[in-house]
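4 protein chains.
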Amino acid sequence: MKTMYDIAEFVLRAATLIKARQAEEMVNALEDFYRNHRGGKVLVMGAGRSGLVGRAFAMRLLHLGYNSYVLGETIVPAIRENDIAIAISGSGRTKLIVTAAEAVREAKSRLIAITSYADSPLGRMADIVVEVPGRTKYSKNEDYFARQILGINEPLAPLGTLFEDATQVFLDGIVAELMVRLKKTEEDLRLVHANIEL
Amino acid sequence: MKTMYDIAEFVLRAATLIKARQAEEMVNALEDFYRNHRGGKVLVMGAGRSGLVGRAFAMRLLHLGYNSYVLGETIVPAIRENDIAIAISGSGRTKLIVTAAEAVREAKSRLIAITSYADSPLGRMADIVVEVPGRTKYSKNEDYFARQILGINEPLAPLGTLFEDATQVFLDGIVAELMVRLKKTEEDLRLVHANIEL
Amino acid sequence: MKTMYDIAEFVLRAATLIKARQAEEMVNALEDFYRNHRGGKVLVMGAGRSGLVGRAFAMRLLHLGYNSYVLGETIVPAIRENDIAIAISGSGRTKLIVTAAEAVREAKSRLIAITSYADSPLGRMADIVVEVPGRTKYSKNEDYFARQILGINEPLAPLGTLFEDATQVFLDGIVAELMVRLKKTEEDLRLVHANIEL
Amino acid sequence: MKTMYDIAEFVLRAATLIKARQAEEMVNALEDFYRNHRGGKVLVMGAGRSGLVGRAFAMRLLHLGYNSYVLGETIVPAIRENDIAIAISGSGRTKLIVTAAEAVREAKSRLIAITSYADSPLGRMADIVVEVPGRTKYSKNEDYFARQILGINEPLAPLGTLFEDATQVFLDGIVAELMVRLKKTEEDLRLVHANIEL
Numbered sequence: 001m002k003t004m005y006d007i008a009e010f011v012l013r014a015a016t017l018i019k020a021r022q023a024e025e026m027v028n029a030l031e032d033f034y035r036n037h038r039g040g041k042v043l044v045m046g047a048g049r050s051g052l053v054g055r056a057f058a059m060r061l062l063h064l065g066y067n068s069y070v071l072g073e074t075i076v077p078a079i080r081e082n083d084i085a086i087a088i089s090g091s092g093r094t095k096l097i098v099t100a101a102e103a104v105r106e107a108k109s110r111l112i113a114i115t116s117y118a119d120s121p122l123g124r125m126a127d128i129v130v131e132v133p134g135r136t137k138y139s140k141n142e143d144y145f146a147r148q149i150l151g152i153n154e155p156l157a158p159l160g161t162l163f164e165d166a167t168q169v170f171l172d173g174i175v176a177e178l179m180v181r182l183k184k185t186e187e188d189l190r191l192v193h194a195n196i197e198l
Numbered sequence: 001m002k003t004m005y006d007i008a009e010f011v012l013r014a015a016t017l018i019k020a021r022q023a024e025e026m027v028n029a030l031e032d033f034y035r036n037h038r039g040g041k042v043l044v045m046g047a048g049r050s051g052l053v054g055r056a057f058a059m060r061l062l063h064l065g066y067n068s069y070v071l072g073e074t075i076v077p078a079i080r081e082n083d084i085a086i087a088i089s090g091s092g093r094t095k096l097i098v099t100a101a102e103a104v105r106e107a108k109s110r111l112i113a114i115t116s117y118a119d120s121p122l123g124r125m126a127d128i129v130v131e132v133p134g135r136t137k138y139s140k141n142e143d144y145f146a147r148q149i150l151g152i153n154e155p156l157a158p159l160g161t162l163f164e165d166a167t168q169v170f171l172d173g174i175v176a177e178l179m180v181r182l183k184k185t186e187e188d189l190r191l192v193h194a195n196i197e198l
Numbered sequence: 001m002k003t004m005y006d007i008a009e010f011v012l013r014a015a016t017l018i019k020a021r022q023a024e025e026m027v028n029a030l031e032d033f034y035r036n037h038r039g040g041k042v043l044v045m046g047a048g049r050s051g052l053v054g055r056a057f058a059m060r061l062l063h064l065g066y067n068s069y070v071l072g073e074t075i076v077p078a079i080r081e082n083d084i085a086i087a088i089s090g091s092g093r094t095k096l097i098v099t100a101a102e103a104v105r106e107a108k109s110r111l112i113a114i115t116s117y118a119d120s121p122l123g124r125m126a127d128i129v130v131e132v133p134g135r136t137k138y139s140k141n142e143d144y145f146a147r148q149i150l151g152i153n154e155p156l157a158p159l160g161t162l163f164e165d166a167t168q169v170f171l172d173g174i175v176a177e178l179m180v181r182l183k184k185t186e187e188d189l190r191l192v193h194a195n196i197e198l
Numbered sequence: 001m002k003t004m005y006d007i008a009e010f011v012l013r014a015a016t017l018i019k020a021r022q023a024e025e026m027v028n029a030l031e032d033f034y035r036n037h038r039g040g041k042v043l044v045m046g047a048g049r050s051g052l053v054g055r056a057f058a059m060r061l062l063h064l065g066y067n068s069y070v071l072g073e074t075i076v077p078a079i080r081e082n083d084i085a086i087a088i089s090g091s092g093r094t095k096l097i098v099t100a101a102e103a104v105r106e107a108k109s110r111l112i113a114i115t116s117y118a119d120s121p122l123g124r125m126a127d128i129v130v131e132v133p134g135r136t137k138y139s140k141n142e143d144y145f146a147r148q149i150l151g152i153n154e155p156l157a158p159l160g161t162l163f164e165d166a167t168q169v170f171l172d173g174i175v176a177e178l179m180v181r182l183k184k185t186e187e188d189l190r191l192v193h194a195n196i197e198l
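Chains as they are written, first to last, in the working numbering: chain W, 1 to 198; chain U, 1 to 198; chain A, 1 to 198; chain C, 1 to 198.
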C-alpha cells in the first residue's frame with residue numbers, strides 16, 4: 001500500500017502547512033455561532049467528491065448540535081443574514097460553487113471557503129478562507145509545482161484526490177476541536193445521531 | 001396520451017375513494033403539530049419511487065415551516081417522543097420501511113402510514129393510516145381485483161405506478177389544506193424556499 | 001379531498017392539452033434510441049421537485065433497459081454525441097437546468113425539454129420540446145391566465161405543483177407506451193429492478 | 001491543527017497495518033473484473049459516513065471505466081452472478097449493510113468487505129475481506145484497545161472517524177494502483193468525468 005502511505009504522508013504535511021490563524025478563525029466562527037445563534041443554519045456546499053467531504057462534515061455538525069444542511073439534498077432551507085455557508089472547492093473555480101457563493105453573498109450570510117487558492121474567485125468572495133493544499137483538476141501546472149515542493153511524485157493521486165483527502169481530515173480536526181470547546185462528549189454526539197438509520 | 005389520461009382518471013377516482021376521516025386525521029395531526037410543537041421534527045420515509053414522492057412532500061413541509069427530514073439523506077437527526085414519522089409503502093410490506101417503522105415505534109414518535117393496505121405490517125403499526133388505492137408490486141392478485149373495480153385495464157401502469165401517482169397528488173392536496181389552515185400564502189412558501197439553489 | 005380532486009382534474013385536462021405530435025416525437029426518439037444505441041446513455045435533469053419527477057422517470061427507464069442517469073447523483077458519466085439528455089423545468093428558465101442544457105448542446109447530445117413554455121431559454125435550445133401545462137413559480141401572470149382557461153381557482157396548488165404532478169403522470173404515460181413498443185412485460189421490469197434494495 | 005495531525009498519523013500507521021495480501025486480493029479482483037467482465041457492475045454499499053466514503057470510491061471507479069453504482073441512489077440496477085459488491089462497515093455489524101450483504105450472497109455476486117473486524121457478520125460472509133483499523137461506534141472496548149496499540153489518545157476522533165478516514169485514503173490507494181495496472185492516465189479519467197456538472 002505504497003500509495004496509501006504517500007497520500008497519508010501528504011495529509012500529514014498538509015496538517016503542518018495549514019495556517020493556524022485561518023483554522024482558528026473558522027473554529028471561532030463556528031463556536032461563536034453555536035453559542036449565539038442557536039436557531040441559525042449552516043449550509044455546506046461542494047461539487048463532486050468535495051461535496052461528499054462536505055456531507056461528512058455536515059453530518060458531524062448535526063451531531064454537535066448545529067442545524068446543518070447540504071446543498072443538493074432535498075431539504076435545503078433559505079439562508080439569511082445570520083447563517084453560515086461553508087464552500088469547498090480545491091480550485092476555487094468550480095462553476096456551481098462560485099455561483100452558489102455569489103447567492104450566499106447576496107443573502108448576506110457569512111461565507112467560509114476551503115480551497116487551495118485564496119486568490120481564486122471563491123477565495124476572494126469569502127469572509128474566512130482556509131487554504132488546504134492539494135492539487136486540483138484545473139491547475140495542472142501549479143499542482144505539479146505543489147507536488148514538487150511537497151516531494152510527492154506523479155501520478156498516484158488523480159484529479160482532486162489530495163485536496164479532498166486533506167480536507168476530510170482537516171474538517172475532522174475541526175470537529176474534534178469543536179467537541180472540546182463546546183464540551184461535547186462522544187455520548188452527546190451519539191444521542192443526536194440518527195436513530196432511524198438507513 | 002391515452003395512458004396519461006387513464007392514470008389521471010385513476011387518480012381522480014382515488015380522490016373519491018380515500019376515506020375523508022383518514023385524511024382528516026392526518027391533516028389534524030400535522031396542524032396540531034405545527035401549532036404546538038414548533039421545534040419538533042417530521043421524518044418522511046419511503047423506498048424507491050415512494051421515497052421520491054415522500055421527498056416532494058417533505059420539501060413542501062419545509063416550505064410550510066416544518067422541520068422536515070427525509071430518511072436516506074445526509075442530514076437525518078434522531079427523532080423523539082414528540083416527533084412525527086410519515087411512512088409511505090403501497091404494499092405496507094417494504095422491508096426497509098417496516099424496519100424503519102419499528103424503530104419509530106421504539107423511539108415513541110408518532111407514526112402515520114400511507115399505504116394501500118391498512119391490514120399490512122406497516123398499517124398495523126401506525127397511529128394513523130391513510131389508505132391510498134393503487135396496485136403494488138407485491139400483490140398481483142389483489143391488484144388485479146382493485147383494477148377491475150376501478151375499471152382500469154392491464155398493463156399500462158407497471159409496478160407501483162398508480163399508488164405512487166395517487167399518493168403524490170393526495171399529498172399535494174394535504175399541502176393545500178395545510179396552507180389554508182395555517183394561513184400560509186404562496187409568498188410565505190416562496191420565502192422559505194431555498195435561495196441557494198442547485 | 002377537494003384539492004386532490006382538483007389537481008387530478010387538472011392533470012386530466014393537461015392530458016388532453018399535450019400536443020400528440022410532441023409526445024410522439026419524444027417516444028419515437030426513445031424507442032429509436034433503445035433499438036439503435038444500446039450502449040448509449042440517457043441523462044435526466046431537473047431542479048427541486050422537478051428533479052424528483054425526473055428521478056422517478058429515470059428509474060423506470062432503467063427498468064425498461066436503458067442506461068439512465070440523474071444529474072446530481074454520485075454516478076454521472078460524461079455524455080456524448082449519441083446520448084440523450086431530458087431536461088425538466090416548468091418555467092424553462094431554471095438557471096441550473098439552462099446551464100446544464102448549454103453543456104448538453106456543447107457535448108452535441110440530443111436534448112429533450114419538458115416545460116410549460118416552448119419559447120423559453122430551455123425550450124429554444126431543445127431538439128424536441130414537450131409542452132406540459134402548469135403554472136410555474138416564475139410566471140405569476142401567465143399562470144393566472146392558464147388557470148382561468150383551465151377553470152381552476154386559487155390558491156390550491158402552490159408554486160410548481162401543477163406542472164410537477166402533470167409531468168409525473170405524463171412521463172408514466174411515456175413509460176407505458178414504451179413498454180408496449182419495446183414489448184416489455186411488467187415481469188421484465190421487475191427483473192431489472194434493484195435486488196439489493198435500500 | 002494537532003488533531004488533524006493525529007488523524008493523519010493514524011492513517012499513516014493504518015497504511016502499515018493493512019495486510020498486503022488482503023489489499024492485493026481486492027486489487028486483483030477489480031483488475032480481473034475490468035479485463036474480463038466489461039459489462040459487469042460494481043455496487044458500492046455503506047451507511048452514514050462510510051457510505052460517503054463508498055460514493056467517493058464509486059465515482060473514481062466510474063472514471064476508471066467501471067459500471068459502478070451506489071446503494072441508496074436513484075439508479076441501482078439488479079446485480080447478478082458476475083457482478084461485484086463492495087460493502088463498507090467499520091463494525092461489520094451495521095444492520096442495513098449486513099442485510100444488503102445477505103441479498104448479495106443470494107444474488108451470487110462476489111462480495112468484498114472493508115471492515116475493522118474480519119470476524120464480524122459482514123466479514124464472515126465476504127469472499128474477500130480487507131481489514132482497515134479504526135474504532136467503531138459499536139465497539140468501545142476493542143476500540144480503546146486499538147487506540148492503546150496505535151498510541152493515540154482520547155477523545156479526538158469521535159464515532160467511526162478513524163475508520164472512515166483510513167478507508168478513504170486506502171481506497172484512493174486502490175484507485176492509484178488500478179490506474180497503473182490498467183494503464184490509465186489522469187487524462188483518461190478526466191474524459192469519463194461528468195461533463196454536465198452540478
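There may be inaccurate statements among the hints.
No distinction is drawn between identical chains; accordingly, a pair holds when it is met within one copy or between any pair of copies.
Computed list of lysine-lysine pairs in DSS-like fashion (alpha-carbon distance at most 25 Å, straight line) [claimed, not checked]:
| id | residue 1 | residue 2 |
| --- | --- | --- |
| 1 | LYS2 | LYS184 |
| 2 | LYS108 | LYS95 |
| 3 | LYS41 | LYS184 |
| 4 | LYS2 | LYS19 |
| 5 | LYS108 | LYS183 |
| 6 | LYS108 | LYS41 |
| 7 | LYS2 | LYS41 |
| 8 | LYS2 | LYS183 |
| 9 | LYS2 | LYS108 |
In short, the hints are calculated from the structure, not lab data.
*For LYS2 vs LYS108, is the C-alpha pair at or below 25 Å within one copy, between two copies, both, or neither?*
neither (46 Å within a copy, 33 Å between copies)
*Under a CA distance limit of 25 Å, which applies to LYS108 and LYS183: within one copy, between copies, both, or neither?*
Neither way: LYS108 and LYS183 sit 30 Å apart in one copy and 29 Å across, limit 25 Å.
*Could you place LYS2 and LYS19 in one of the four classes (within, between, both, neither) given a Cα distance threshold of 25 Å?*
Only across copies: LYS2 and LYS19 sit 12 Å apart there, 28 Å inside one copy, limit 25 Å.
*Checking LYS108 and LYS95: alpha-carbon separation at most 25 Å within a copy, between copies, both or neither?*
Both, since 20 Å and 21 Å are each at most 25 Å.
_Please sort LYS2 with LYS41 into within, between, both or neither, judging by C-alpha distance up to 25 Å._
Result: close neither inside a copy nor across copies, 41 Å intra and 27 Å inter.
_Within, between, both or neither: how does the pair LYS108, LYS41 come out at a Cα-Cα threshold of 25 Å?_
within (13 Å within a copy, 27 Å between copies)
*For LYS2 vs LYS183, is the C-alpha pair at or below 25 Å within one copy, between two copies, both, or neither?*
between (38 Å within a copy, 18 Å between copies)
*For the identical chains here, do LYS41 and LYS184 meet the 25 Å Cα criterion within one copy, between copies, both, or neither?*
both (19 Å within a copy, 22 Å between copies)
*If the cutoff is 25 Å on CA atoms, where do LYS2 and LYS184 land: within, between, both or neither? Let me know, please.*
between (37 Å within a copy, 18 Å between copies)
In the structure shown, a violation is registered for the earlier hints numbered 5, 7, 9, in ascending order.
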